[in-house]
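Chemist: Protein chains in written order, with the numbering used here: chain A, 7 to 205; chain B, 7 to 205.
Take the hints with a grain of salt, since some may be wrong.
Every beta carbon over 12 Å from chain B, so not counted as near; a handful from chain A, in silico [claimed, not checked]: (1) PRO28; (2) GLN34; (3) HIS42; (4) LYS58; (5) GLY60; (6) MET80; (7) GLN127; (8) SER132; (9) GLY140; (10) ALA146; (11) GLY150; (12) PHE177; (13) LEU187; (14) ALA190; (15) ARG203.
What the simulated footprint calls covered on chain B by chain A, stretch by stretch (three residues with Cβ under 8 Å from a Cβ of chain A suffice, anywhere in the stretch; the number is not a length) [stated by the list, open to error]: (16) 22-33; (17) 72-84.
Not everything, but these chain B residues come out facing chain A in the computed CB check (under 10 Å) [unchecked claim]: (18) VAL59; (19) GLY60; (20) ALA131; (21) PHE141.
By construction, these hints were calculated from the structure, which means they are not laboratory data. Since we're looking at a predicted model, the values are computed, not measured. Every residue, glycine too, gets a C-beta built ideally from N, C-alpha and C.
Number of protein chains: 2
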Amino acid sequence: MKVLVVGASGTIGQAVVKELSPRHEVIQASRSSATHPVDITQPGSIAALFKKVGPVDAVVAAVGDIHFGPLTEMTGEQFRLGLNSKLMGQVELVLQGQKYLNDGGSFTLTSGIAVDAFIRQIVNASAVNRALEGFAMGAAIELGRGQRINVVSPTVLTESLPVYGPYFIGFESVPAARVALAYARSVDGAGTGEVFRVW
Amino acid sequence: MKVLVVGASGTIGQAVVKELSPRHEVIQASRSSATHPVDITQPGSIAALFKKVGPVDAVVAAVGDIHFGPLTEMTGEQFRLGLNSKLMGQVELVLQGQKYLNDGGSFTLTSGIAVDAFIRQIVNASAVNRALEGFAMGAAIELGRGQRINVVSPTVLTESLPVYGPYFIGFESVPAARVALAYARSVDGAGTGEVFRVW
Chain A
7 MKVLVVGASG TIGQAVVKEL SPRHEVIQAS RSSATHPVDI TQPGSIAALF KKVGPVDAVV
67 AAVGDIHFGP LTEMTGEQFR LGLNSKLMGQ VELVLQGQKY LNDGGSFTLT SGIAVDAFIR
127 QIVNASAVNR ALEGFAMGAA IELGRGQRIN VVSPTVLTES LPVYGPYFIG FESVPAARVA
187 LAYARSVDGA GTGEVFRVW
Chain B
7 MKVLVVGASG TIGQAVVKEL SPRHEVIQAS RSSATHPVDI TQPGSIAALF KKVGPVDAVV
67 AAVGDIHFGP LTEMTGEQFR LGLNSKLMGQ VELVLQGQKY LNDGGSFTLT SGIAVDAFIR
127 QIVNASAVNR ALEGFAMGAA IELGRGQRIN VVSPTVLTES LPVYGPYFIG FESVPAARVA
187 LAYARSVDGA GTGEVFRVW
């Protein structure tokens with residue numbers, strides 16, 4: 007299969023590339039890529055990426071920023087960070103990508119444990135991640151030509167503990183390589199409308 | 007209690023005003039209100055409303071537009087309608103309103119059945135409604151001074167069947183007066199982080 011990984015330079019993205027490369031042609035897109043640069047907050051940038059890459063059998067989105075910070079000081083502008091980046095970036099990849107995705111191809115999006123955990127300062131993630139899962143559930147019944155869509159919801163990565171560990175005290179971390187297996191289940195499997203929790 | 011109802015001229019809003027008025031001082035805000043006009047897509051308009059109304063004991067948000075339409079033809083711009091209106095409008099009411107909400111006061115937001123129903127053409131609602139519930143869950147553990155937040159998730163209203171009935175074939179409708187009871191449970195009750203489903 008020809009698989010487009012958006013966010014390929016990130017911790018999850020690198021692990022997904024490593025997991026998929028032995029059996030698939032993997033195209034690596036990221037903000038800093040020399041060959042396939044993309045800024046997911048710019049719909050035109052996503053359009054240019056698909057135009058360059060052409061038809062694909064799978065799109066993996068492991069990408070997007072969210073705002074971390076206390077609710078009592080949060081501004082609407084800060085909250086919009088997650089909407090414009092992690093949510094709309096991935097939604098645009100699907101809305102635009104459905105025209106480039108081959109019959110039976112798959113989208114795999116990335117949410118996160120914040121949907122179901124009571125953790126302070128992650129209200130932006132909680133909203134964005136739930137929205138992504140709601141979007142995928144709704145999209146799964148409407149995509150055409152046998153196209154599929156699933157979501158991977160990882161807990162905090164072992165590799166990310168130096169940065170995010172303080173938010174996730176008491177949570178077991180998982181190595182990115184284990185999270186990458188869930189993307190493989192989505193890409194190589196047959197499911198749609200599924201949320202793969204890696205907790 | 008002094009209760010601010012945003013979206014007071016809508017089908018749900020009118021029913022909420024009728025339910026709360028016998029025992030509370032209800033301030034009615036809406037896009038078309040002569041005394042308390044508000045455009046929830048404009049943060050400055052929400053700021054002006056709170057400045058005029060002053061401290062309140064409860065804020066009810068029964069407001070916000072979403073995009074209805076097939077996924078296969080949907081643009082990012084159309085999807086953003088629900089984010090800018092129903093989602094960010096209600097989020098802004100909380101982010102800004104927490105400074106005006108008295109100790110122990112409550113926010114009551116409005117999501118909808120689309121979070122859990124497989125219905126075509128409502129992917130925007132599915133994402134937005136889940137985001138609102140995720141936001142409220144996250145906010146419930148961070149609000150200060152005993153402030154509370156809950157969400158009412160109604161199914162299709164009996165009064166709205168002439169417009170939305172075709173999307174909800176096979177679903178039981180509920181009269182707005184019954185939905186209004188859930189808002190009363192939130193405003194007059196003691197719960198926080200709850201989703202009141204009226205299905």
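Chemist: Taking each numbered hint in turn, which are not upheld by the structure, reported in ascending numerical order?
Modeler: 6, 7, 8, 9, 10, 11, 16, 18 and 19
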